[in-house]
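Visitor: Spelled out, the chains give:
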Amino acid sequence: MLKKTQGNRAKKAWKIMMVLSIVLLGMIVFSISWGTITVPWEDTLAIIGQHVPVISGYFPSVNAEFQAVVWNIRLPRVLVGVLVGAALGVSGAVMQGVFGNPLADPGIIGVSGGASFGAVVAIALGLTSFSIFIMPMFALVGALAAVSATVFLSMSRGKIPVMTLLLSGVAVSMLMGALTSGILTLMNEYRVREYLFWVVGGLDYRRWEHVYLAVGPILIGLIVLCLLARHLNVLVLGEQEARSVGVPVVALRLLLLFVAAATTAMAVCVSGTIGFVGLIVPHIMRIIVGPEHRWLLPSSALAGALFLVFCDTLGRMIFPPNEIRVGIMTALLGAPYFLYLLRKTQQSGGNS
Amino acid sequence: MTQEIITVRNTSIVLGEKKILENITCSISAGEFVGIIGPNGAGKSTLLLALRGFVPLAAGEVQLGGRPITTLSDKELARHVAYMQQEVNVGFGYTALEVVLTGRYPYLKWWQHEQAEDKAIAHQYMEFTGVEALADKPVHLMSGGEKQRVLLAKVLAQETPLIFLDEPTASLDLVYQEEIFRYCQLISKQGKTILIVAHDLKLAAKFCSRLLLLAENKMIADGPPEKVITKENLQAAYGLHAAVFMNKVTGNLDIHTYAADDDNPNKDTKVHIICGGGSGERIIRLLYERGYRLTLGVIQPGDADANVAEAFHLPCLLGQPFSSIDEPSAQENRRKISAADWVVLSDLTFGEQNIDNLQAAFMAKKLIVIEDTPIEKRDFLNGQASDLYAKLVEMPQVTVMAFLQFITLLEKN
Chain B
1 MLKKTQGNRA KKAWKIMMVL SIVLLGMIVF SISWGTITVP WEDTLAIIGQ HVPVISGYFP
61 SVNAEFQAVV WNIRLPRVLV GVLVGAALGV SGAVMQGVFG NPLADPGIIG VSGGASFGAV
121 VAIALGLTSF SIFIMPMFAL VGALAAVSAT VFLSMSRGKI PVMTLLLSGV AVSMLMGALT
181 SGILTLMNEY RVREYLFWVV GGLDYRRWEH VYLAVGPILI GLIVLCLLAR HLNVLVLGEQ
241 EARSVGVPVV ALRLLLLFVA AATTAMAVCV SGTIGFVGLI VPHIMRIIVG PEHRWLLPSS
301 ALAGALFLVF CDTLGRMIFP PNEIRVGIMT ALLGAPYFLY LLRKTQQSGG NS
Chain R
1001 MTQEIITVRN TSIVLGEKKI LENITCSISA GEFVGIIGPN GAGKSTLLLA LRGFVPLAAG
1061 EVQLGGRPIT TLSDKELARH VAYMQQEVNV GFGYTALEVV LTGRYPYLKW WQHEQAEDKA
1121 IAHQYMEFTG VEALADKPVH LMSGGEKQRV LLAKVLAQET PLIFLDEPTA SLDLVYQEEI
1181 FRYCQLISKQ GKTILIVAHD LKLAAKFCSR LLLLAENKMI ADGPPEKVIT KENLQAAYGL
1241 HAAVFMNKVT GNLDIHTYAA DDDNPNKDTK VHIICGGGSG ERIIRLLYER GYRLTLGVIQ
1301 PGDADANVAE AFHLPCLLGQ PFSSIDEPSA QENRRKISAA DWVVLSDLTF GEQNIDNLQA
1361 AFMAKKLIVI EDTPIEKRDF LNGQASDLYA KLVEMPQVTV MAFLQFITLL EKN
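Sequence order for the protein chains is B and R. Using the numbering used here, read the first sequence as starting at 1 and increasing by one per residue. Using the numbering used here, read the second sequence as starting at 1001 and increasing by one per residue.
Among the hints, erroneous ones may be present.
Stated by the list, open to error - Straight line, CA to CA, 20 Å or less: simulated SDA-like cross-link-like pairs of lysine to any residue:
no., chain 1, residue 1, chain 2, residue 2
1, R, Lys1137, B, Arg294
2, R, Lys1391, R, Lys1412
3, B, Lys11, R, Gln1115
4, B, Lys11, R, Asp1136
Source of the hints: derived by calculation from the structure; they are not laboratory data. In this text, all values refer to a predicted model and were calculated from it rather than measured experimentally.
Okay, chain B solo, but in the shape it has when bound (with noise of 0.2 Å):
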């Protein structure tokens, strides 16, 4: 009866694995075809067939404007969007069971300032009209050094304690933050509005470039980080029970620092830096799916697809033709959701 009981979970997690799939392909599409013109969800759906090998023959033809408009406008944005989300999403997760903290964050070992003064670098020397992979690569590069900075100046004989990487991280946020403050006070304003624009994330004008960009290293760090969910598991429980199992502690500890990371810092490379995705999806997918990360870190990739693809949707419904940007979207959503788990928790003495 108890195995069964433990199959249950699996089955459930499977589940809401299927579920929110089927939910993630319904709100791509209904993305897609929603907007200042709106194509019909068949129309949609045949010029996305249209483009899959083999089956080309087998779809209508669809008119011009259409097609224009789904497949160079809209269909890049939405990949964009649900490679972000998984990414922030399992990136959270991940950092969150490194720190057996569920309020850590990518951004907390310096990986959104290490970007954001990468971005800005590129910007003061000029270099963002030479190529759109300009500005992102410099991002991704910042983002990296201040990992690596952190990291290197927490660790003291081998080890990394927890403590002092997350206080490690903070200091180098503010550093970089500091940086990038006094390069932006130097450059003018055209320039400063073209780092507003960035800092702020989002996903319009997202083309395909941006798609071939991400998808590979986001799909690398997300399948790497999914394969160590078990390895996670144990470390969850503390460095010293993970040991005594005999876990290479500092080496799992930053190989999932790095790879989540990275694949923050791919995700913020294309669409600049999107709060509370990380924090969020994690929580509510904990919740639902429990702490096992091998169900929990696929889980809370569809979730963060999902929660991105719809606050992205959401903002281009409210005041159309004016977008809100889906960085804030994020934020004003998540935020009270946030807040109101915090107060839960606190209430029920809880810490799940």
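Dock chain R against chain B, hints included.
Guide: This is chain R only, laid out in the frame that chain B set:
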């Protein structure tokens, strides 16, 4: 022939600038249940950590199963030793089964998931520690006792020949403390070797087959409980004044501790106590704790007072059971009485066997007679004892008082 499973040679441990342990040497054989005891800060937990390879050695060597610990890989170590730490915080709502399954980690390749066999092992040990019914309950919602039993099951699921436990009973109720020790004893009888850091000396003495006593960074005693828990060792390790004795009721080693001044003013005062039938227990304890040099006599073997005297390791004249005091004992008793600075005659009952004690009391230089019950009620010799008693209390060197007055008198001194 038992197999030597842990060898510790001249091991020292230094953490930062601080010397934690110095020159520890011992060897432990398979199947032993070893308790590591000692005062706080003596290095008990550090020793356990060092034996698991969690802290580096400043000098010396630790071998597990004949191999130096430094040559073993993380996973090999985890297949040798299961380690249960003092405080485990199981956050995020992991269930008991999920926690116990982490014990199977050392047997899995990095890409593998737990197999059916691992799950069966986890369930088997959860059944053993009685938490099978809680398999799907989140550990952070459990009571302290349940949680420790889940963690014990996890440690067992690691299926190692060695099991290290660092104060597993620290935050538990009395019943659960003993339960954990009982499980350990059972496991050690199945051939596993257990090292446990224990706070409670009585529990350690009751269950462990061997004790290591650490104090001030050194190992000051190593051996079976009755050899390690002695008055002298406890004094040296804890600075504790204690009497160690076999508790006749429980059959276990027991410890009676008391506070005493180190420069005790009474250590040269010789006091002889005439008692029997339990009438002397309180008096003995009171005077012993104040550091007087006590002698007792003559008491029947097996008498309650004799047991107390034995517990405190006091010289006590014992007569023959169920017979009158014999001549040599009577003589010795009188010698002791005359030699004593003062003598206490307890509120004892007089009969054929011990009437000589009353006779002997006349020899005292100074005699305190404790009287809470009138002598008539304690006289089983049809007035013979009462007459003698009446004569005794007339003597100038004799003071009669109730036990409470006696306490007050001692307080004043």
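Visitor: Does each hint hold? Answer for all of them.
Guide: Here is what the structure says about each hint:
1. R:Lys1137 x B:Arg294: Holds, at roughly 19 Å.
2. R:Lys1391 x R:Lys1412: Between lysine 1391 of chain R and lysine 1412 of chain R the Cα gap is close to 29 Å, so the pair fails against 20 Å, i.e. violated.
3. B:Lys11 x R:Gln1115: OK: lysine 11 of chain B and glutamine 1115 of chain R at ~17 Å, within 20 Å.
4. B:Lys11 x R:Asp1136: This hinted pair holds, its Cα atoms lying about 14 Å apart.
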